[in-house]
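The task is simple: from the sequences and hints, build the whole structure.
Here are the chains, one letter per residue:
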Amino acid sequence: MASFAVPGMTPDLQALATLDRVIHEPARLMIMTVLYAIPEADFLYLQRECELTQGNLSSHLAKLEEAGYLTITKTFKGKYPLTICKLTRKGRQAFEAYSTAMRCVTHGLNPSKP
Amino acid sequence: MSTSLTLVRHRARLHWFADGLPQILGGLPAILFGFYLASDGPQNRSTLSSILSISAMFLYAALLPGSKPLLEWLKQRITYPRTGYAAPPYFTEDPHSLNTDQLSLMQADTRSKDEIAQVRHERTRRTILLLVLMIGYSLALLLVRSPWICFPVGVLTGIAIWLGSRKDEHFSLWIPFGLGLLGLYLSQLTLNPLERIGRILMGIGILFVVEGLIKLFRFLRQNPLPKPAAPHQGPRAQS
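Protein chains in written order, with our numbering: chain W, 1 to 114; chain Z, 1 to 239.
Be a bit skeptical, because a hint or two may be false.
[What the hints assert, rightly or not] From the derived model, a few chain W residues whose C-beta atoms are all more than 10 Å from chain Z: (1) L13; (2) Q14; (3) A15; (4) T18; (5) D20; (6) E25; (7) A27; (8) A67; (9) C104; (10) V105.
[Unchecked claim] Distance condition first, Cα-Cα at most 27 Å in a straight line; then the derived DSS-like pairs of lysine-lysine: (11) K68(Z) - K86(W); (12) K90(W) - K63(W); (13) K90(W) - K74(W); (14) K63(W) - K74(W); (15) K86(W) - K63(W); (16) K86(W) - K74(W); (17) K77(W) - K68(Z); (18) K68(Z) - K74(W); (19) K63(W) - K77(W); (20) K68(Z) - K90(W); (21) K68(Z) - K79(W); (22) K75(Z) - K227(Z); (23) K74(W) - K75(Z); (24) K77(W) - K227(Z); (25) K79(W) - K227(Z); (26) K79(W) - K75(Z); (27) K86(W) - K75(Z); (28) K75(Z) - K77(W).
None of these hints come from the bench; they were simulated from the model. Just so you know, these numbers come straight off a predicted model, no measurement behind them. We put the CB at the ideal spot given by N, CA and C, even for glycine.
Next up, the structure:
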């Protein structure tokens, strides 16, 4: 988790500074959201849901796996090879921490005001 | 956040029903059991009719417990290669469908747990309501002698099925419409009560199967198999 807090910042802004940058990237956030909501999904399903290219999805999955947020298992369902992705406990906790931090920062935000 | 999670779960649920296979496999046992009931009483049966109805009963008995593995087998060949695999989220209601680790991970999240409990409660309520209605309709068909009873039973069964399953499977409106027409048709015939129940069951089964086949046809047309020339998917294959 890449984080840095600057002394003298307001607590809300400090929460922004400590956001998990592995999850913060939009494509990875989409992947984490899908995998948080459902127990497991394969590569093709994630690709279709997140509308990412194969290469793009592969690299993001590799980064999330490297961070220990998900596990990738190659398996077979009948003759069809499946690349099953699942969030780990660490991944679920990281996603929950990220969503809490974002809610904390954006709490009271009124989108209708300029 | 929870709204988007709910939407993701909803999409995964729709993904499970998008290919029409659950409807086809749900309709087949109804046809077989309906066929068995709709056959004349044993004293009036010809040899062929007896063989057919007993075969239907055997097929029904074989299909009912085996429908989940059969569905999974069909999805492995038809659905997963085209649109991918996603664990049906609300199958977490069934502790046997997920391993302990997955289940504990899902249940560790309070929001998921609450949502699953809510869906489970809603589904149980709908199932009980549907069962009560079905028993009521069957009793009406058994006890009321007038053939016209078939018409309201057909219409109400159709409405009950449509209302009861619209959140899960998105049946089209022609299921209640078709059952209404079936009821109207049956009300013109002189049938014994068991025959009425059997034919209505067969009608329900046929409508489900036809609906499922239409969905399957659309699904196959909209989702052709990916070209085999593409490199194998997966992060390790890419690196």
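Do the hints match the structure? See the list:
1. L13: 21 Å, holds
2. Q14: Holds, because the least Cβ-Cβ distance between Q14(W) and chain Z comes to about 21 Å, which exceeds 10 Å.
3. A15: Consistent with the label, A15(W) stays out of reach of chain Z, its closest Cβ about 15 Å off (over 10 Å).
4. T18: 18 Å, holds
5. D20: 15 Å, holds
6. E25: 15 Å, holds
7. A27: 13 Å, holds
8. A67: About 13 Å separates A67(W) from the closest Cβ of chain Z, which puts it past 10 Å; holds.
9. C104: 12 Å, holds
10. V105: The claim stands: V105(W) keeps its Cβ more than 10 Å from every Cβ of chain Z (closest is about 13 Å).
11. K68(Z) - K86(W): Measuring from Cα to Cα gives roughly 23 Å; hence the hint holds.
12. K90(W) - K63(W): 14 Å, holds
13. K90(W) - K74(W): 21 Å, holds
14. K63(W) - K74(W): 17 Å, holds
15. K86(W) - K63(W): Measuring from Cα to Cα gives roughly 14 Å; hence the hint holds.
16. K86(W) - K74(W): Satisfied, since the Cα-Cα distance of roughly 12 Å is no more than 27 Å.
17. K77(W) - K68(Z): Status holds; Cα separation ~14 Å.
18. K68(Z) - K74(W): Holds. K68(Z) to K74(W) sits at ~23 Å (cutoff 27 Å).
19. K63(W) - K77(W): It holds: about 26 Å lies between the C-alpha atoms, which stays within 27 Å.
20. K68(Z) - K90(W): At roughly 33 Å apart (the allowed maximum being 27 Å), K90(W) and K68(Z) break the hint.
21. K68(Z) - K79(W): 18 Å, holds
22. K75(Z) - K227(Z): With a Cα-Cα distance of about 19 Å, the restraint between K75(Z) and K227(Z) holds, given a limit of 27 Å.
23. K74(W) - K75(Z): The given pair, whose Cα atoms are some 18 Å apart, holds under the 27 Å limit.
24. K77(W) - K227(Z): 19 Å, holds
25. K79(W) - K227(Z): 16 Å, holds
26. K79(W) - K75(Z): This hinted pair holds, its Cα atoms lying about 12 Å apart.
27. K86(W) - K75(Z): The given pair, whose Cα atoms are some 20 Å apart, holds under the 27 Å limit.
28. K75(Z) - K77(W): Since the Cα atoms of K75(Z) and K77(W) sit roughly 9 Å apart, the hinted pair holds (cutoff 27 Å).
Hint compliance for this structure: hint 20 alone is broken.
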